[in-house]
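Colleague: Next come the chains, spelled out residue by residue.
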Amino acid sequence: KAGVTQTPRYLIKTRGQQVTLSCSPISGHRSVSWYQQTPGQGLQFLFEYFSETQRNKGNFPGRFSGRQFSNSRSEMNVSTLELGDSALYLCASSLEAGFLSYEQYFGPGTRLTVT
Amino acid sequence: AQSVTQPDIHITVSEGASLELRCNYSYGATPYLFWYVQSPGQGLQLLLKYFSGDTLVQGIKGFEAEFKRSQSSFNLRKPSVHWSDAAEYFCAVGGVLTGGGNKLTFGTGTQLKVEL
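Here the protein sequences come in this chain order: A and B.
Under the numbering used here, the first residue of the first sequence carries the number 60, and numbering increases by one thereafter.
Under the numbering used here, the first residue of the second sequence carries the number -17, and numbering increases by one thereafter.
Hints in this document: simulated from the structure, not taken from any laboratory.
The beta carbon of each residue, even a glycine, is placed where N, CA and C say it ideally should be.
Among the hints, a few may not be true.
The calculated SDA-like cross-link candidates involving lysine to any residue, where the alpha carbons are at most 25 Å apart (straight line), are [to be verified]:
| # | chain 1 | residue 1 | chain 2 | residue 2 |
| --- | --- | --- | --- | --- |
| 1 | B | 31 | A | 121 |
| 2 | A | 60 | B | 50 |
| 3 | B | 50 | B | 62 |
| 4 | B | 50 | A | 159 |
| 5 | A | 60 | B | 24 |
| 6 | B | 31 | A | 158 |
| 7 | B | 43 | A | 85 |
| 8 | B | 31 | A | 100 |
To spell it out: a stretch of chain A is covered by chain B in this simulated footprint if at least three of its residues, at any positions, have a beta carbon under 8 Å from a beta carbon of chain B; those stretches are [stated by the list, open to error]:
| # | stretch |
| --- | --- |
| 9 | 97 to 109 |
| 10 | 160 to 174 |
Restraint ranges, calculated between C-beta atoms of paired labels, are given here [stated by the list, open to error]:
| # | chain 1 | residue 1 | chain 2 | residue 2 | range |
| --- | --- | --- | --- | --- | --- |
| 11 | B | 34 | A | 119 | 41 to 49 Å |
| 12 | B | 61 | A | 79 | 44 to 52 Å |
| 13 | A | 126 | B | 23 | 24 to 32 Å |
| 14 | A | 119 | B | 36 | 34 to 42 Å |
| 15 | A | 98 | B | 59 | 24 to 32 Å |
| 16 | B | 37 | A | 87 | 25 to 33 Å |
With the hints as extra help, turn the sequences into a complete structure.
Modeller: What follows is the structure in structure tokens.
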């Protein structure tokens, strides 16, 4: 079974631009979560989607948004990029099945560099 | 609110030596606990998980962890470390108190270096 895939793997953007990252979950997984990883803040939860609905949101500004499609694929968008948005963005998927919902499988991440 | 503490930022061990990485959690109910490993430039790989039952859980790559409720700990162990184990290790907690959905809260990670 294929793992979580994320595209693109690397991105370089300029301050003020916007960016869209994509995530395809493991087949059969309907929950998709996004995390930001930086050396200073570590792994921080951005948001989680299930059944095309945002179910949980972390403490990030409104410039960070996401969506989920009917096939469970998800995208996240960051508008008006700031230097501090440079990070590894990780997507994770899980089954929607009681406690197994917390067993998350991660993709390789998208490395975003803002200049 | 739930939290995870990994008190050791860096650990260096010799190849073949035993390893223990510490993890303490704060959670107001029965937690679901996880250990993940991350190699440079890569995503997180699930090593093992604890949901309930036997407090000693086995994972991949020869790792095991023990859940101790009285100490709020979930330490990761390996009897004999291999050079390929050098990576960053993250402890995480999840559960019904995490604000809805399937959010995991991660520790700050422990960087493992293996000396040959």
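Colleague: Given the hint that residue 60 (chain A) pairs with residue 50 (chain B), does the C-alpha gap stay at or below 25 Å?
Modeller: At roughly 34 Å apart (the allowed maximum being 25 Å), residue 50 (chain B) and residue 60 (chain A) break the hint.
Colleague: Has the given pair, residue 60 (chain A) with residue 24 (chain B), been kept, meaning a C-alpha gap of at most 25 Å?
Modeller: 19 Å, holds
Colleague: Are residue 31 (chain B) and residue 100 (chain A) close enough, with their CA atoms no more than 25 Å apart?
Modeller: Holds. Residue 31 (chain B) to residue 100 (chain A) sits at ~24 Å (cutoff 25 Å).
Colleague: Residue 43 (chain B) and residue 85 (chain A) were given as a pair; does the straight-line alpha-carbon distance stay at or below 25 Å?
Modeller: Measuring from Cα to Cα gives roughly 22 Å; hence the hint holds.
Colleague: Mind checking the hinted window 24 to 32 Å against the Cβ distance between residue 126 (chain A) and residue 23 (chain B)?
Modeller: Holds - the Cβ-Cβ distance for residue 126 (chain A) and residue 23 (chain B), about 27 Å, lies within 24 to 32 Å.
Colleague: Assuming the hint says 24 to 32 Å, is it satisfied by the Cβ distance from residue 98 (chain A) to residue 59 (chain B) or not?
Modeller: 27 Å, holds
Colleague: Between residue 31 (chain B) and residue 121 (chain A), does the CA-CA distance stay at or below 25 Å?
Modeller: 33 Å, violated
Colleague: Tell me whether the statement that chain B covers the stretch 160 to 174 of chain A is true, taking a Cβ distance below 8 Å and needing three residues at minimum.
Modeller: holds (count 10)
Colleague: For a C-alpha distance cap of 25 Å, please report whether residue 50 (chain B) and residue 159 (chain A) respect it.
Modeller: It holds: about 21 Å lies between the C-alpha atoms, which stays within 25 Å.
Colleague: So if I understand the rule, the pair passes when the alpha-carbon distance is 25 Å or less; does residue 50 (chain B) with residue 62 (chain B) pass?
Modeller: 22 Å, holds
Colleague: Against the range 44 to 52 Å, how does the distance between the Cβ atoms of residue 61 (chain B) and residue 79 (chain A) compare: consistent or not?
Modeller: Given range 44 to 52 Å: holds, Cβ gap about 45 Å.
Colleague: Okay, residue 34 (chain B) versus residue 119 (chain A) on CB: inside 41 to 49 Å?
Modeller: 32 Å, violated
Figure legend: structure checked against the earlier numbered hints; hints not met, in rising order: 1, 2, 11.
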